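Here is how the chains run, residue by residue.
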Amino acid sequence: MRFLHAADLHLDSPLRGLDRYEGAPVDDVRGATRRAFENLIMVALRERVDLVVIAGDLYDGDWIDHNTGLFFTKGVAQLAEEGIPVAMVRGNHDAASRLTKALRLPRNVHLFADSRPETKVFENIGVAVHGQSFATAVVSDNLAAGYPPPITSCFNLGLLHTSLNGRPGHAPYAPTQLDVLRSKGYGYWALGHVHAAEVVCRDPWVVYPGNTQGRHIRETGVKGCALVTIEDEGVTHQLIALDVMRWTTLSLDISTLHDLETLLEIAKQNLRRQLAHAEDRALAVRVAVRGQGPLHRQLATQPETVEQELRNAALEATNARTWIEKVEFHTRPLLDFDQLAERDDPVGMLIRELRLLAAHPGLLRDVASEALSDLQQKLPVELRQGENALRLDDADALVELLAEVEADLLARLSGEAGSS
Amino acid sequence: MKIERLYLKAYGAFSDHCLNFTDGPDFHVIYGPNEAGKSTTLRALIGLLFGIEDRTTDNFIHQNNRLRVGAALATAHDGRLTVMRRKGRKQTLFVLDETRGEECTDQPLAEDTLARWLGGLDENLYRALFGLDLDGLVHGSEALLEGKGEIGQSLFAAAAGLADLRQLSTQLETETAKLFLPRATAKPAINIALRELDEQRKRAREATVRSSAWEQADRARRHAEKKHTGLRAELARLREEQRRLSRVVAHLPLVAEREALRQEIAALASVPLLPADAQQQRIEVEERLRAAMSNQREAQAALDELRQQQSRRVVREALLSHAGDIERLHHAAKDYRGALERLPRIEAELDAARQMLIAQLTAIDPALTTESASIDWPEHIRALMPLPTVRARVQALIEEYNAWLIQDEQCAEQERKLSGALQQFRQALATQPAAMPFELLETAREQATGQGDLANQQAQLEREIAELETTLAREATALWSGPLDELITLRVPLLATVNELGDQYRQLAENERSLKDQDQILQRDLGERERELRGLAAAGEIVTHDQVRQARQHRDASWQRIRQACIECKDDANRRAMIPAEQSLPDVFESALREADRLADLLHADAKRATSVENLRQRIADMQQARVDLTQQLAILATERSQLDARWRVITDSLHQADLTPGAAVEWLQKQVLLVERAARLEALRRERWEIVSALAAARKTLDQALQNCGLPGLTEGETWSAALSRARTAIEQARQTATERANLIKSISQHEAVLSELAAKRSGLAEKHVVWQAQWNATVADLRLPPEALPAEARVRLEQWDQLAKLLSSLEMLTREARQEQAAHASFEEALTELAQAVAEPVDGREADRVAITLYEALSVARDADRLRKQVDADIEREQQRLGRAETAAAIQRDHLAELARRAGVESSDELASVEDRSQHKRRLSERVAEIEEQLVRGAARPLTDVLAGVEGEDLAAANARLDELETTLREYEAEVETTHAVYLDARRAFDAIDGGDAAAQAQQRAEEVATRITRQVSAYARVRLAGAIVSRVVQAYREQHQGPVLRRASEIFARITLDSFANLVMDYQDDRQVLFGQRPDGARVAVTGMSQGTRDQLFLALRIAAIEEHLRQREAAPIAIDDLLVQFDDARAAATLTVLAELAQRTQVLFFTHHSHLCELATTALPADAWRRHDLTNDPFVGNGAR
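Heads up: the sequence lines are chains A and B, in that order. Under this note's numbering, residues 1 to 420 are what the first sequence spells out, in order. Under this note's numbering, residues 1 to 1189 are what the second sequence spells out, in order.
Just chain A, same shape as in the assembly (with noise of 0.2 Å):
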């Protein structure tokens, strides 16, 4: 017996962070979740599984296009003609979505009920699936501690969407813990709800299959599901990727560097080797350039040029594949800041006005509350509060800034007169 285990789709979520550019993959981008999903429900057909289970958070809680729905149902209707049944369970985000109530779902789709605990036992493939269903957006109930016992001619699977004892990141939902889930006697815990593909346990097999595409830069590697396998012999876990845009990390050292073309170089082999590595799927990149050297004032001095060449090679070196999310220059020039600070010219004034902001974030917040009210009165709500705002008004935030001014500031100081 065959079956798939997926979780968190949240289909039509958009991708974040990726400001669209000239030669960037944008085709990629467009519909990357549903395609993500098309790719499962491909690998189901493909392998012929005799199951599929779907582990909540189907949309994001707050979308509401009935289409996404319509979507979903489409996909299942295609395992439907196979005879593959799907069991799922809604999450924290399908129990805060409208969309979810309103729809229809074909006759081999099983939602486990809210309200209490149930069994699903499908009989020709011998599996007694067990679940329950979020009520609402937030369950802090140990829901797993309700499961039914298990059947004991069946394989028994409990399908669950849970952070169990807390993931960093993720809201604890449906807590609980990994003794309640093997005090519950079943084969196979195929769990929902953290993004990240983690094997929590193997006796039982208590798994995250992570969510199907990743979204953002936080949800970089591999994406998909798990293929498990039980046989006589015991259970066998693969995570197959579906994912159609990977998110990665490219970190570039400048200490040895001299020039920019060199820097260039070395990050095209790099993100040669990260497609290859992906399996020429489209890649979203973030560039980390780090390190002391020679080739600091440049990248503080032009850092939106350096950005273009850096998407410039990755054109190049990827054929259009990469999306460069973002570049962040955290180099130092090769200077003694302390020493520098002691100085009593204007470089040391800088620099020790620098320090003084850093060391005074109120001092810090109101400089920059001055400097910046204006263009805050204009953010739209969305841009300044929420998970992916602009914090202008936070001290962290204008600290890191700080940094990027100090590094500006230097290289055009030094710059501009010691080139004549």
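Just so you know, these hints were derived from the structure itself, not from any lab. Keep in mind it's a predicted model, so treat the numbers as computed, not measured. Backbone N, C-alpha and C fix where the C-beta goes; we use that ideal spot for every residue, glycine too. Hints may contain errors.
Claimed, not checked - Keeping only pairs whose Cα atoms sit at most 35 Å apart, straight-line, the calculated DSBU-like set for lysine-lysine is:
#1 A:326 <-> B:90
#2 B:90 <-> A:268
#3 A:184 <-> A:101
#4 A:268 <-> A:326
#5 B:762 <-> B:747
#6 B:608 <-> B:38
#7 B:90 <-> B:38
#8 B:178 <-> B:148
#9 A:74 <-> A:120
#10 B:2 <-> B:38
#11 B:608 <-> B:2
#12 A:101 <-> B:227
#13 A:120 <-> A:184
#14 B:227 <-> A:74
#15 A:326 <-> B:187
#16 A:326 <-> B:202
#17 B:807 <-> B:334
#18 B:417 <-> B:762
#19 B:2 <-> B:90
#20 B:226 <-> A:74
#21 B:226 <-> A:101
#22 B:187 <-> A:378
#23 A:74 <-> B:202
#24 B:178 <-> A:326
#25 B:417 <-> B:769
#26 B:202 <-> A:101
#27 A:378 <-> A:326
#28 B:202 <-> B:178
#29 B:187 <-> B:202
#30 A:101 <-> A:74
#31 A:378 <-> B:178
#32 B:417 <-> B:747
#33 B:148 <-> B:187
#34 B:178 <-> A:268
#35 A:101 <-> A:120
#36 B:202 <-> A:378
Stated by the list, open to error - Quick look at which bits of chain B chain A covers, simulated, 3 or more residues with Cβ under 8 Å:
#37 209 to 223
#38 1017 to 1023
Position chain B relative to chain A; hints supplied.
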């Protein structure tokens, strides 16, 4: 930090070059004209401090990996450091071993060691803070102008070496304006992006389909579908009814017709149903019967005719049986006819041949004709013919005769020729003159020529003697005033003696010159050493060891006095007397102590110089002593010279040549020797001439006698010797030729006589041979019936006659044979024909045999034709008989068929067949029509016949038609209604289908997300630049607050000095609400920055810059200041003033002033005291090449 030495070990055009900045003032003017390496040196300095540029152009001599710049550095705190910089990317700095001039690769230094020594600066900051150059000055000055002298910016910019702080501010402002403006009229990026975000959000909202909307669409669709389906079902039912009625209306007439036909068929039940083609069959049988009977008749008629023909035909069988013989004889008939014609001609030819034979025989011998006439003459004649042996013998004898004849004729001819020649020789000998004895004359001539060409030799000698005499006379006059003989016999001194004296003179002169040269060198060196000594003395006090020793003795003595006076309490009046009255003992001691220490220190500090001075003094003394020695040696040489002069005078006197120098004397003597040799040679020549003259006279006499002996005329006086010799040679040659000719003639005569006698003997032999031959010949020719004297030619003709006779005889015999054969063939043909004629009963009737044969042949042909025709008729009869048989059989078969047909139709006779056939066919047509109607019904209704018949059972045609009309109206109404509901359904379905799970909303959301990302980026950039601008303003303000006072004060002083007090000072004042700088004239007038000339503004910026640097140096340790051709645009006076300011700056830190312009060096020389600056020429620096080693 200071740079003590800069080692340009391998950089640019420099190799092992060193600039030494130790000692003396710290204001270094480094002068290098174009191409000398000023800029290279400056680059090397920067390369040393911060690393050699990756793409340096200073590798044109030394390759990149060989580039080296080194330095010795010193700071107040960290001590001294020697470093060497290589070019590279990693580990380029090493400790320098100054003694070897190479880096210690085992002592690497951190890359930023020097930057740290400079206070953590990198290259750019160093250049900004401590570099001064023309471009920076001009930019700074322009920035002052743009900022209109705004005080904060001016100060900050000058201090930071940042020419365009204002530009930086503008740049920052421009960048922010490009990104965002609160109230934008133009379109900054963020403003645009915010609008776009709104737009995308709106688009997403519009594309979103809520679940309720979808459910509504679903309901509407299903309702419309249900209604539409119901209406369509009713419509279908009505249409079915319509179709049924239409069928009834169509079927009713056919069913009626069918019934009528079935009744008629029932009436014809008794008629047999014949096959459809029965009539056709019958007609065909009848036809075939008729044809068979017709054939029968025709065959019988033909048979009768043929039999009649057969009976009429007659054939000659005998001819046919002898057909072969007849044909053979017919062929032979032609030959027979030919033989008849040929026989008479052969007979005629036979007679002719016989006549010719007789004629030929007569020609040979008439007697033979008569002999032969009676007997069988051909045999007889054949017996008479000469035998082949006789014929061969005759041939051999003829050949022998011919050979004899030729030989005899040849001998006779030769004899005739020889006799003629002999006669001629004898006559020639008789006319030949007698021989002359010439041997004596030849001997005399050979003797004369054996002595050579005496006359020529004599003339040659005469010429040589004359030349020699002339030369001698000329040369002697040059050497000698007296007679030539005296000169030749003069006693002269030996050449060696003269040479020896000459050598002594040369040696003497050389010695004198050498001594004088040495003296001169000494004198020059002495001067130099003395100058050097003076130079060393002038450079400072020179302390010698002696002086130190004396000073120390003086100090010790003073100490002794103090000791004695104060410690040992002794007083010594003498000693006290040595002390100046106004000085106490301790004073004296202290001054002595100080002096001794000072001298010792000086000596110690300047030991090298002191050593040099002492060395110099010693060397001067040595040189002076050497000069005295030289003078003495010169005096000795003068004495030697006077002795030599006395010896020389003796020699010149002996030669009577008073003024001769030794060199000239050698030449005189050589010429005199040559002259003596020539005089001897002249004497020898004269002797030789005399000997030749006497030999010539003796030879003439001998020749004269020999000529006369030969009877020739003797020598005359006038005849030359060569002419006489020539004449003698001619006479000898003539005499020799005559003798030779005579001897030849006598020899020829005797040879001819001998040959003639040989010929006579040969001819007699030939005559004997001929007699023998004649006897043989006569015997032989008798056999040929010829007389004995017959000639060989006659014998040849007779042989040919015999041959002719033989040919005639053969011809005769052949003709005889031919005639016999013809006669035999003729007889056999006639016999055969007669037999044949009898056999075939053909009458001959005296016809010629060949005619009979032809007649027979023609008769045979007729008989053959008749035979062939008879056989043809027989075959025809056979065929017609067969045909008749077949026709009879066919007729019988057809009659049987007819009988069968009648039986089948159920009639007695075949004549009744026709009427039965007609009735049967009618019955068939009726049945077919019924089947047709039934098929039509089944096909039209697509149902079994019974159903169809049941369907129309009880129906009425008129009622059905009325019902149909009614239905048609109802149907039209229903169709319209269905169409309407279908349209409604389609609309509902389209609306429902439009919600197809598409991703338009998701796309718009994605786009919005992208725009939001862009805004985030742009906002970050904006915030960074805005914050930078704010911070710069704060720092500028702070710098101004902290440094304005001291920097402005100092800048004010400097500005006044540089402008040569054209400005008194700098002041601050407000202009447009900003604090700005003004220059104040001595009379108090204020000049704004914008009102200053460019040069003055440059100088203002320089003043601020230097003041800022000095301000900085107040707190921090100095770094070397690198100045690159700063003053080239200043006039000389202001440049000189600036140099004094820089010299002042150099008292606080090291100033390296690089220039291309020598006039700046000259300015420095005049404007600055010598100890305030040092000049380094990159072309001829005294430390070049030796500093690094």
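Straight-line Cα separation of residue 202 of chain B and residue 101 of chain A no greater than 35 Å? 25 Å, holds
Next pair to validate is residue 417 of chain B with residue 747 of chain B; report whether the Cα-Cα distance is within 35 Å. 18 Å, holds
Would the hint linking residue 101 of chain A and residue 120 of chain A be met if the CA-CA limit is 35 Å? Distance ~21 Å between residue 101 of chain A and residue 120 of chain A Cα, so the pair holds.
Given the hint that residue 417 of chain B pairs with residue 769 of chain B, test it: the Cα-Cα distance must not exceed 35 Å. Roughly 25 Å separates the two Cα atoms, so the pair holds.
Given hint residue 747 of chain B paired with residue 762 of chain B - CA-CA distance at most 35 Å: Holds - the C-alpha atoms of residue 747 of chain B and residue 762 of chain B are around 24 Å apart, at most 35 Å.
Given the proposed pairing of residue 120 of chain A with residue 184 of chain A, does the C-alpha separation stay at or below 35 Å? Cα-Cα ~16 Å, so holds.
Does the alpha-carbon distance linking residue 101 of chain A and residue 227 of chain B stay inside the 35 Å limit? Given pair residue 101 of chain A, residue 227 of chain B holds - Cα atoms ~29 Å apart, limit 35 Å.
Check whether the Cα positions of residue 807 of chain B and residue 334 of chain B lie no farther apart than 35 Å. 34 Å, holds
For the pair supplied as a hint, residue 74 of chain A and residue 120 of chain A, is the alpha-carbon distance within the 35 Å limit? 23 Å, holds
Proposed proximity, residue 326 of chain A with residue 378 of chain A (alpha carbon, max 35 Å): 24 Å, holds
Would the hint linking residue 187 of chain B and residue 202 of chain B be met if the CA-CA limit is 35 Å? 21 Å, holds
35 Å Cα cutoff - pair residue 417 of chain B, residue 762 of chain B: 16 Å, holds
The structure fails none of the hints (numbered hints given earlier).
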